[in-house]
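Engineer: Next come the chains, spelled out residue by residue.
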Amino acid sequence: MGLAVKILATLYGLLLFAMFIVMARKRGIKPFYTTLWLIVSLFMFSFILFESFYQWLSQLLRIESATLFVIVGLISFLFVYVLYLSIKISELSNKVQELISYTAILEKEIRNKEKTQLVNHEDPC
Amino acid sequence: MKILTVISNYNESESIAKTVLDVIENGSIEADLLVIDNCSTDSSIEQLKRLKVDYLKHPVNTGGSAGVIKTAFAYAHYHGYDIYCHMDGDNQHMASELDKIVQPILDNEVDVVTGSRFITKEGFQSSFTRRMGIRSFSKMMSWVTKRPYTDITSGFRAYNRKAIEFFALRFKQEIDTIVQLELVMHYAGLKGKDVPVLMRPRETGKSEINFTNALKFPFYNIISLIGTVIQNIR
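As given, the protein sequences belong to chains A and B, one line each in that order. Be aware that the first sequence starts at 38, since it is given in the working numbering, and climbs by one per residue. Be aware that the second sequence starts at 104, since it is given in the working numbering, and climbs by one per residue.
Don't take each hint at face value.
To be verified - Simulated crosslink set (PhoX-like; lysine-lysine; CA at most 25 Å straight-line):
no. : chain 1 : residue 1 : chain 2 : residue 2
1   : B       : Lys105    : A       : Lys152
2   : B       : Lys275    : A       : Lys152
3   : B       : Lys249    : B       : Lys203
4   : A       : Lys132    : B       : Lys275
5   : B       : Lys203    : A       : Lys145
6   : B       : Lys249    : A       : Lys145
What the hints contain is simulated information worked out from the structure, not anything from laboratory work.
Could you build all of it, start to finish, from the sequences and the hints given here?
Structural biologist: Dropping the structure here:
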């Protein structure tokens with residue numbers, strides 16, 4: 038593996054690690070996602086620390102080089118993650134629609150109740 | 104038989120009063136009236152308050168009339184309605200034609216009825232390009248579902264209790280397009296038919312289908328069609 042790739046991977050790993058720290062502390066990101074991105078940043082570091090392991094693995098899988106193996110691995114991870122996010126967005130979107138519907142119904146019920154109370158208050162008979 | 108007529112409204116302050124008064128004065132069926140406002144930014148709500156008509160107001164805009172339909176199903180189910188009729192707030196649908204879309208349900212013929220302008224080809228017929236778009240999608244849907252569609256985009260519809268319960272209790276997904284709504288009904292085993300009705304041209308306000316939306320419409324509906332066919336929700 039070339040020095041340039043190693044530097045790039047280290048910088049990318051550091052950037053991800055810093056972003057995950059900031060997001061975890063300031064943006065209130067869920068623990069699940071915090072852990073997920075921690076794993077990704079650690080994976081980037083492991084690429085430099087355990088280079089020989091990845092070389093052995095890429096040979097085993099008949100992938101040309103360890104670099105290609107890592108890139109393929111990362112792209113596969115991103116595909117799975119985007120799919121997972123699509124499911125989550127769909128779920129949230131459905132829930133938001135439900136909430137909009139029931140909030141509107143509830144608001145009308147409150148409005149009707151207030152109107153009834155007002156009429157009763159004005160005309161105690 | 105409890106019937107609910109729902110008028111969907113989004114920034115139709117210039118025509119909503121006319122639509123409401125048309126239902127009150129010329130409605131051909133005995134039904135409760137409800138207006139569902141999709142978070143209008145104009146004076147629609149003031150108009151509805153002035154007319155002293157029952158209304159629901161979405162806290163945020165749902166993007167299209169499909170969100171209003173979802174709310175209408177929830178409301179109709181919550182209040183135990185047997186039939187729910189849908190009209191648009193642009194005063195294009197005629198209240199005097201409501202009986203035509205309700206009758207096949209009262210006769211237990213079908214579960215969903217769509218009022219179509221293109222069966223007898225009388226009254227307002229829309230522009231040529233829009234007619235072509237509607238015709239292509241109607242043909243496509245007829246081919247997929249093996250039931251004849253003539254006016255797929257028509258919002259003038261009536262749903263029976265079976266359809267209300269399905270959408271209020273079982274189908275928990277957001278409805279994105281009219282094509283999705285039709286396909287979901289087909290897969291759920293809800294029988295539908297088109298009946299001829301008369302419609303009026305839009306007098307005031309802006310149509311939801313502007314140049315950008317006209318380009319988006321086929322794109323979204325084709326994606327929606329493929330996705331729903333794959334899901335094949337039963």
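Engineer: Hint by hint, note whether the structure agrees.
Structural biologist: How the hints compare with the structure:
{"no.": "1", "hint": "B/Lys105 <-> A/Lys152", "result": "24 Å, holds"}
{"no.": "2", "hint": "B/Lys275 <-> A/Lys152", "result": "32 Å, violated"}
{"no.": "3", "hint": "B/Lys249 <-> B/Lys203", "result": "23 Å, holds"}
{"no.": "4", "hint": "A/Lys132 <-> B/Lys275", "result": "8 Å, holds"}
{"no.": "5", "hint": "B/Lys203 <-> A/Lys145", "result": "30 Å, violated"}
{"no.": "6", "hint": "B/Lys249 <-> A/Lys145", "result": "41 Å, violated"}
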